[in-house]
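These protein sequence lines map, in sequence, to chains F and S. Quick note on the numbering used here: the first sequence kicks off at 115 and runs consecutively. Quick note on the numbering used here: the second sequence kicks off at 24 and runs consecutively.
Be careful, since some hints might not be right.
[To be verified] Derived DSBU-like pairs (lysine-lysine); straight-line CA-CA distance at most 30 Å:
#, chain 1, residue 1, chain 2, residue 2
1, S, 115, F, 214
2, F, 227, S, 57
3, S, 36, F, 223
4, S, 72, F, 223
5, F, 155, S, 130
6, F, 293, S, 36
7, F, 206, S, 55
8, S, 142, F, 220
9, F, 183, S, 57
Bear in mind the hints are in silico, worked out from the structure with no lab data behind them.
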Amino acid sequence: MGVISQFRNFFGKLFKKKNACIGIYGPPNAGKTTLANRIVKDWKDDESEPVGSVSHIAHETRKAQRHHKLEIESKGSKICLDIVDTPGLATKIDFHDFMKEGMGEKESKQRSKEATEGVIESVKWLDDLDGVILVMDATENPYTQVNVTVIGNMEARKLPLLIVANKIDLPESDPEAIKEAFPQHPFIGISALDGTNMETFYEAIAKQFG
Amino acid sequence: MSDIQLDLVSDAKLSRMGSTEKVRYIIDEVRKGKIMVLEKGLDPMEEAKLIEMTMTEIEEDFFGLEIESYPRDDSGGTFFGKLFKKDAGQQKLTVIGPANQLKTLRKDNSLISTLVSTK
C-alpha cells in the first residue's frame with residue numbers, strides 16, 4: 115500500500131469521513147445484489163433509484179453499481195454511506211457453464227466476456243473503498259480463494275470489514291462454519307431475500323463503518 | 024497417458040521478482056498446463072493482481088485458474104498478537120493450476136485436497 119493511501123486511511127479515520135464508500139463483495143451467486151437491493155429499498159427515499167437484476171445464473175451483475183448517499187439509522191446513530199454493488203469475483207469463467215444453464219453459445223461467450231470485465235472492475239474498486247461488506251453463501255464452503263483474497267486485501271489496507279453469511283433462510287445453511295473460518299472479523303448471519311436479521315445487520319454496519 | 028508437470032516454487036525464487044513479474048510468471052507457466060505449488064504464496068495485493076490479469080487472458084481455450092491457499096493468520100489484529108506471532112498475516116503455501124485441470128475437492132484451514140487431471 116502506498117504512502118498516500120496510508121495517509122488517506124489515517125485521516126479518513128481521524129475525521130470520520132461523512133460519506134464513506136462501502137463495497138459489497140463476494141463470489142458469484144452469494145446474494146450481493148439481493149442485499150444491495152434490500153439496503154436501497156430500506157433506506158432510499160427516492161423511488162427512482164435503480165436496483166440490480168438478480169438471477170440464479172452466475173455473473174448476473176457484470177458492472178458495478180453505486181448507490182449514493184444512503185442514510186442508515188440504527189439505535190440512535192445515523193451514518194451516510196455510498197454502497198457499491200460489485201460483480202462477483204472469480205478466478206475462472208467458463209462459457210460452457212452458461213450454456214449448461216440453457217444459453218446459446220454466442221450469448222454465453224458474450225456473457226463470459228462481460229463477466230471477465232466485471233471481475234476486473236471489482237478488483238479495481240478495492241483501491242477506492244473505505245470498507246467492505248463480504249457476502250458469503252451460508253450453504254457453501256467458506257474457504258474459497260475469493261474470500262481469502264478479499265479478507266487479505268482489507269487486512270493489508272487496514273480497512274474495516276463486515277462478513278455476512280447470507281441465505282440463512284435455507285435449511286442447509288451453516289453460518290457458524292463461516293464464523294469459525296474467519297473468527298478475527300465481525301460476522302452476521304442474514305437472509306437478504308426474506309429480510310431475516312436485517313436489523314442486526316444495520317446495527318453491525320453502524321458499528322463497523324460509522 | 025499424458026504427463027502433468029508439477030513445479031514446487033521456492034520463496035527464494037519468487038521473492039527475487041517484482042509483483043507484476045511474479046504474476047506474469049505464474050500465468051505463463053499455468054497456461055503451459057503446469058501445476059504450481061508456491062512455498063509462500065502471494066501477498067493479498069498480488070493475489071488481486073493475479074485475478075485481474077487472469078481475467079484479461081480468458082478465451083475459448085483458457086478458462087482461468089484454480090488457486091487455493093490457507094487463510095492468513097491475522098492474530099486478531101492485536102498488538103500483542105502480532106508481537107508474539109512472528110508469521111501473523113504472512114502468505115501461506117498456495118497451489119495454482121489451469122481451471123480445466125485442477126479441481127479443489129475439499130478445503131479448510133488445515134487441508135487443501137485437489138484433483139489433477141489431464142486436459
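Right, here's what the structure says about each hint:
Restraint check for residue 115 of chain S and residue 214 of chain F: not satisfied, since their Cα atoms lie roughly 35 Å apart, outside the 30 Å limit. Taken as a hint, the residue 227 of chain F and residue 57 of chain S pair is honoured in the structure, with Cα atoms around 24 Å apart against an allowance of 30 Å. The suggested pairing of residue 36 of chain S with residue 223 of chain F is violated, with an alpha-carbon distance near 37 Å, which exceeds 30 Å. Taking the CA atoms of residue 72 of chain S and residue 223 of chain F, the gap is about 23 Å. The hint holds against a cut of 30 Å.
For the proposed pair residue 155 of chain F and residue 130 of chain S, the alpha carbon gap of about 36 Å is over 30 Å, so the pair is violated. Of the supplied pair hints, the one linking residue 293 of chain F and residue 36 of chain S is violated, its CA atoms being roughly 36 Å apart against a limit of 30 Å. Simply put, residue 206 of chain F and residue 55 of chain S have alpha-carbon atoms about 16 Å apart, close enough for the 30 Å limit, and the pair holds. Taking the CA atoms of residue 142 of chain S and residue 220 of chain F, the gap is about 24 Å. The hint holds against a cut of 30 Å.
With a C-alpha separation of about 47 Å, the suggested pair residue 183 of chain F and residue 57 of chain S falls outside the 30 Å cut-off, and the hint is violated.
Hints 1, 3, 5, 6 and 9 from the list above are not met by this structure, while the remaining hints are.
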